Structure formats: structure tokens, C-alpha cells
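A.B. asks: Reassemble the complex: the two chains are provided individually, in unrelated frames, and hints are given to aid placement.
Protein chains in written order, with my numbering: chain V, 1 to 255; chain S, 1 to 248.
Hint data in this document are derived by calculation from the structure and do not stem from the laboratory.
Just so we're clear, the structure is a prediction, and the values are computed from it rather than from any experiment.
If a hint is listed, it holds; no wrong ones were tucked in.
Result set (DSS-like, lysine-lysine): computed pairs, CA atoms no more than 27 Å apart in a straight line:
| # | chain 1 | residue 1 | chain 2 | residue 2 |
| --- | --- | --- | --- | --- |
| 1 | V | 222 | V | 69 |
| 2 | V | 114 | S | 154 |
| 3 | V | 95 | S | 248 |
| 4 | S | 144 | V | 95 |
| 5 | V | 216 | V | 13 |
| 6 | S | 144 | V | 107 |
| 7 | V | 128 | V | 114 |
| 8 | S | 154 | S | 144 |
Just some of the chain S residues that point at chain V, by a computed CB distance under 8 Å:
| # | residue |
| --- | --- |
| 9 | 149 |
| 10 | 151 |
| 11 | 152 |
| 12 | 153 |
We put the beta carbon where it would ideally sit given N, CA and C, even for glycine.
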Amino acid sequence: MQKRWSCLINMLKIINITKSFGQTKILDGINFEIADNEIVAIVGPNGCGKSTLLKIIAGLETMDNGEIKTSKVGDEEIKTSLIFQDHRASLLPWKTIRGNIEFAIAKMDHKLKKEKVDQILSQLNLAKHQNKFPYQLSGGMSQLVAFGRAIAQNPDIFLFDEPFSAMDYHAGLKLQQQFIELMVLIKKPACIVTHSFDEAILLSDKIIILSAPPTKVLRILKNNLARPRKIEMLSSVQAQEIKQLLFTNISSFLL
Amino acid sequence: MSNFVKQLLIILTLSWCWFLFSSANIFPALLFPSPQEIIKSFYIIFAEDNISHDILLTIVRMISGLVMGIVLGIVSGVLIGFSSLTKQITFWVDFLRSIPGAALFPAFMLLFGLGELAKIFLVIFATVLIVIINTTYGIKNMNKTRLMVAQTLKLNKLQTFFQIILPESLPYISVGIRHAISYSLIMVVVAEMFMGTEYGLGKRIVDFHLTYEIGKMYSVIILTGMIGYLANQLYIYFESKKIHWIGK
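Next up, chain S with everything else stripped away, as it sits in the complex (with noise of 0.2 Å):
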């Protein structure tokens, strides 16, 4: 049986048992809608709607943060790894991303107002310093065969940054930068549930929740899902094109 036809049984099945479970009862249909009432809602807020613009919106400032916030994260994780005092900087950064995001909403509110710049904050916090966790982390465990290597073949210190610490720190950083992608789908989600905004997946969960249209709501969340499993399959693919010494 080909891996495809498996997964389709195992989607029948579900929808199945999530059929009989909604059919028995036992919560109330308005508030436990049956999956063909989903798949109507799907077609409802894509026709209807107009949720492709929310999904837009999420999308926009998802990787806005996010590429801010690889960016910083891999620049201050080197700056970090190669300075006299990682250790005591990594404390502070471990300490910092104890700190749930979501904390800090207030704080971020009042000072970035609630437009779009606090977002984009916050994205950029929660991203940020697991890059640089993990490029520290890269830099910090070079290999010395291959530090010797580098001064054997006469690199200068460039030449050898880039040339053998950037690449061989590459596998570590995108640990971090998996981590990221992640951290940024949660946070613009619960930025646009709780932060003023008028578009966005995660006003509309609440909107959808809050006019008890369920089966909307179960949709944009399903939906919302996608979208998180579908930028971690490109990044993996990317990685296994790109960094494709991972592991080896």
C-alpha cells in the first residue's frame, strides 16, 4: 500500500470517528460541529469572508519578524560566541527567553502603541534569541581539527570565518531558526488576538468565536495549522538542499 493511500484511510478514519462523536451528542452541535459543517465553513470564509487577506496579513508580518529576527540572531550569536564574555551574555539571553512572550504583550503595547510595529516587536523577540542560542552554541563548538585545518591551508581570519566557522556553524543555526519559525506562527497569532488589529488569523479565531459561528472558528484554526506545518516542511526541505552536511 503506497504511503499516500495510507494516510487518506487514516484521514477517512478520522473524519469517521469525529463524525460519530459529533452525531452522538454529546456536546451541543452548535458548540461541536460536525466535519461536513466544517468543510462547509472552509469554503464559507474563503468565498465569503475574504480570509486569503488575513492569511496574508498573518503571513506578512510572520516573516517579517521572523527574517528580523534570524538576521539579528545569527549577528549577535557570532558577536556572542566570539567574545570574552559568552557566558555571562548567554545567561542573560537564557534568562530573557524564560520570559513567555505573551508576558510581554502590555509592556510592548505601551511602548510600540498597537499597530503593527508592537507585532513585529514581539515577533522579533520570540525569534530572536533561539538563533542566538544556537549560533553561539555553533560557534563555541567549532572544530578544532578544523580550526588546524583552516591554519594549515594559510586562511586569514575572514577567509576562515567564512570559509569554515559560518559553514560548519550552519547546522546549529538552523536548529535555531526551526525553533524560530515555529515561535513566530504562535506569536503573531496571539499578537492578533489580543493586540488591536483588523485582519489577521488570529482576530479571526476570536471574532469567529465570539459570534459563535464554531464551525468558522474551527476552520481559521485548522487552517492556521496548515500554514505552520507547511513553512516547517519548506524549511526542512530547504535545509536538506542547502545544509545538506546536517547530521553527517
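Next up, chain V with everything else stripped away, as it sits in the complex (with noise of 0.2 Å):
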């Protein structure tokens, strides 16, 4: 459970990628590895297409140029989950949580859906809530169910674009810690994008550093903070050790 990062089976291999918007260049070559199970965490200053990289991954924007490998036999497409930051918006209020999960497998069996669904319910604690609506429920737990929506997809990889930043701080810490526990136990590849160091430090095993248009990866970066991992560990010597790199990798940009 806490050598997750031990893999080396590389799940998706993104090679190259280029985007432009008219004339500007905003990813301008684009190389990172996920391997199987890995979390990998993207900062980057404002505007520097984080959000564009992985809407290209999801496949919801086409790149210019670039290569997405991945590691599945054949000519079968990688299956991606994307969670966006406005669980208001991605929700739809006009089904129950329950039914906004249900949604994401319509197609399937009706039993085996039923299964499935309770499932995840009881996985996400919102078995209690499962019969109320999107707006009835607090960001944090909107939020937790767009996930759910996510896992009933049944991904090979998550897409996590800036999760937690559309609520507040200590919901955010709160559905971080769940976050934690959940991706330890679905055992799957994910890629977070996300402005915070103190996220990517707490909930990746890779930090990959972008610099501003026309971007570039700076740096990747080993996070080696201990596992099973916990909201206390942001203040570690370890933790702090990793802040700083950021931060001197990233402060040039945000001046």
C-alpha cells in the first residue's frame, strides 16, 4: 500500500504535446511519464495550459503536435475521468447524487448497476445522502460525489483538474484526507493539476513543474513524503523541503 511509486510499468507516456491558440503558443513540447498507480501532481504559474494539458489528455481538446502512449495492448483508447473544479457546474441538479453516479453507466445491467452504485455510495459515506439533490449538499461533498461519478466510469487513469480549489480551505483539507484514503484503495493512475504546493506535496508521488508559456516542463520532482499520509505531514522537515524546491523553481514566474 505505501509503495505505490515502486511501479515501473509506465501507464501513459505523454510525448511532445504542442498547442497553440491562434497565434499564441502555449504548451510548446511537452514530456512526462505516468506510471500504473502513480499520482502526479502539475503546478505552473496562471496561464500556463495546465488545465489545456489535461483537457488534451481527457480528450476534449485536440493537441497540435504530440503523442499520447499508453501502455494498453492494442489499438484500445486509455479511458479517462476528468474532475473539474466547478462540482456545481458538473453535477447535474436535476438527479439525485445517486442518480448523478447512476448516470455515468447508464448502459449497464440494471442490477449489476444497483450493485455497482451502492457500492460507491457506501465507499464515498453518502449512502445517506444518496436520494438528495447536487444543491443540497456542501462543496466538499458535491465534489466527493463527482468523484464517485469518476470511479462508476471505471477510468484507467483520473483527471483531477484544480479539485479542491472551488471550496473552502477546510473543506478543501477534508476532502484532501478523503482523497488520500480513496486513491490508496482504488489502486489507480492519476494526474492532478493544481496551484497549491501544498496539494501537489500531499497527494502526489511526482511533481511535474511547468514554467509560463511557451511551456515547458522545468522539473520533475521525486515526492518521497512518507505513506499512508496525513494533513499534519504538510508541516514535516520533509514537506518543507519540497516547498522550498518548488518555490525556488516557480518564484521566477510569479513576479
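C.D. replies: Dropping the structure here:
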């Protein structure tokens, strides 16, 4: 459970991705790898194309050049689930919590679907809220529902676009703790785009630092913060050292 | 004090003021009847003048025009919202919307005669445009994130429309419908007043006015107001049940 980063198989290989919007070059040859079971955090200055990169991986955005290779056999496309920053917009307010999760697997056989949704609801501790509507839940809880919907999709990789920034600080911390525990259970790779160094340190196995546009990968940091992770570990010496590194790498873009 | 008691007190106070005002004889009693006179007229129009028939006819005209206006409005609103000419078409819808329906009476009478057809078409005209505007707005202001959700869930175009875009637009469409309900009653009553008809609340208001049965005239006016209020409340109730995510 604690050695998830030791896997050597590369699940996903991002090779030389470029992307321009009009005349502006945003992504200028991005390369990195995501190993099986590995959680990768992407940090970088505002407007560096972090979210665009995530959307390209999710297939919501085209790339100008480059390649995404997977370890999957044959021509089968990699299955991704994207969790958006704006949980209010990503959930469907006309469906209940249960309905929202079910929606991801609408085509599944009725009985199987019920079992799966029940399992996810209890895993996320949402069973008692299943008949509520998204607008009746707190921000943290709605994001958890969005996470549940992603789990139902059974993706090869989870993609998170600033998942903790549309809620207050404490709700964000609580959700991060839940996130840590869930990812250990789920055993799937994930890629998290974030503004917050704390989130990157707490959640990831590897941190990818992007430059300002035209964006390149500045540095890839191995995050060796011990597991199992706890929020308190953010104040540990180890975490502070990583944070120090992040700041030295990125400060030139912040000023 | 309960809400009901407060409301009752307000009604009693207003009636009392009305009573005082009418007994002060500022206007002749014939032109400004007392509250007790109106209550009496209310009874008489139901007992002797068979007003329920007029109520029924007005409501039937209103609902048939309204339903067609709403259906037509939603369908065309969706088509306009998805077309590449949204801006240009919306200009014309807005222009047409600026023409008061009553100004079209002569034209509609020439085209569709004096019967039911002209009246129902007028109601359709008065309701369809506001529903179009709101539907188009709902489609155009579709939440981008939710469209991406549809994409990540691999929905096809038809599924995306019926399961994401349409429910997302319903709160906007509903605003149009609420306006359409008020417009439809206005249009029916005015049409009944000025286009030939034998029955209908509008016709009754004009008739009682001409025969100087002013108490009855006010009773029908109040009755018309009640129908409008009730229609609106009914719709709001339906809306809060069926489109519960409005404003959320």
C-alpha cells in the first residue's frame, strides 16, 4: 500500500505535446510519464496551460503535435475520467446524488448498476445522502459525488482539474484526506492539476513543474513524503524541503 | 398571528376603506358600487347570468393558444439557439415582440375572420415570442463544463440534447412560460372585448359596461384577476415540483 510509486510500468507517456491558441503558443513540447498506480501533480504559473494539458489527455481538446502512448494492448483507447474544478457545474442538479453517479454507467445492466452504485456510495460515505440533490450538499461533498461518478466510469486514469479550489480551506483539507484514502483503495493512476503546493506535496508521488508559456516542463520532482499520508505531514521537514524546491523553481514566474 | 389571519385582516380593512369611500358619494353609487353590491353581483352573475360558461370559454381559448404557443416556442427556440443565425433571427423575434398584440387585431381579423381561429392565433402570437427568446437564451448560455461532462461520459448528440442541454435550459424556458401565461390571459380578454364573440369574460365586461350594470362589471373584472392569479400560482407550484433546480 505504501510503495505505490515503485511500479515501473509506464501507464501513460506524454510525448512532445504542443498546442497553440491562435498565434500564441501555449504548450511547447511537454514530456512526462505516469506510471501505473502513480499520482502525478502538475503545478505551474497561471495561464501556463495546465488545464489545457489535462483536457488534451482527456480527449476534450486537440493537440497540434505530439503523442499520448499507453501501455494498453492494441488500439484500444485509454479511458479517462475528468473531475472538474467547478463541482456545481459538473454535477446535474436535476438528478439525485444516486442518479448522478448512475448516469455515468447508464447502459449497464440494471442489477449490476445498482450494486456498483451502492458500493461506491458506501465507499464514499454518501449512502445517507443518495436521494438528495447536488445543491443540497456542501461543496466538499458535491466534489466527492463528482469523484464517485468518475469511479463509476472505471477509468484507466483519473484526471483532476484543481479539484479542491472551488471550496473553502477546511472543506478542501477534509476532501484531500478522503482523496488520499480513496486513491489507496482504488489503485489507479491519477493526474492532478493544482495551484497549491501543499496539495501537490500531500497528494502526489511526482510533481511536474511547468514554466510560463510557451510552456515546457521545468523540472520533475520525486515526492518521497512518507505514506500513509496525513494532513499534519505538511509541516514535516520533508514536506518543507519539497516546498522549498517548488518555490525556487517557480518563483521567477510569480513575480 | 398566522399568515391567514393577517391576510384576512388586510381584506377586511381594504373592504372597510372601500365601503367608506363608496358611502362618501364622491362618485355616484351607480358608477362606483359598494363592496356589498359587488358581493351581490358576484352571486347574481353565477346564478342568473351563467358566467361559468364564459369562464370556461375564456380558459379554453387561453389554454389552447398557450399550449400551442409554448410548444411552438420551445421547438423554434431550440432550432434558433443551435442555428448559425441566432443573432439575426433574435433581432426579428425581438422586433415582432415589440408590436403590441392588440395592434394586430385588424390584421388578424382580415386574415382569420372573426371566429375562434383569429383569437387563438393572437394568443399564440402573444406567447410564442417570449418563449422563443427564453429558450434560445437557455440554449446559448449552456454551461461549458456540463457540455464537457457530456463529452467525457461519451454521450452522443441526441443524448446530450435530451439529458443535458434540455434540462439545463428548462429554468430559462420556464421564465418564458410564466410570462406567456400572463400574456395569454390579457390577449384573450382583450380579443373578446374587441373582436366579435358571444361568450367570454372580456365580452361580459364590455356588455355589463354598456348596460350600466357596473357591479357586475367589477365582479367579472375581479373574476378575471382571480383566474390570472390562480393560473400563475398553479404554474409556480408545478415549477417548484418539476423544475426544482431553478436558481440552485
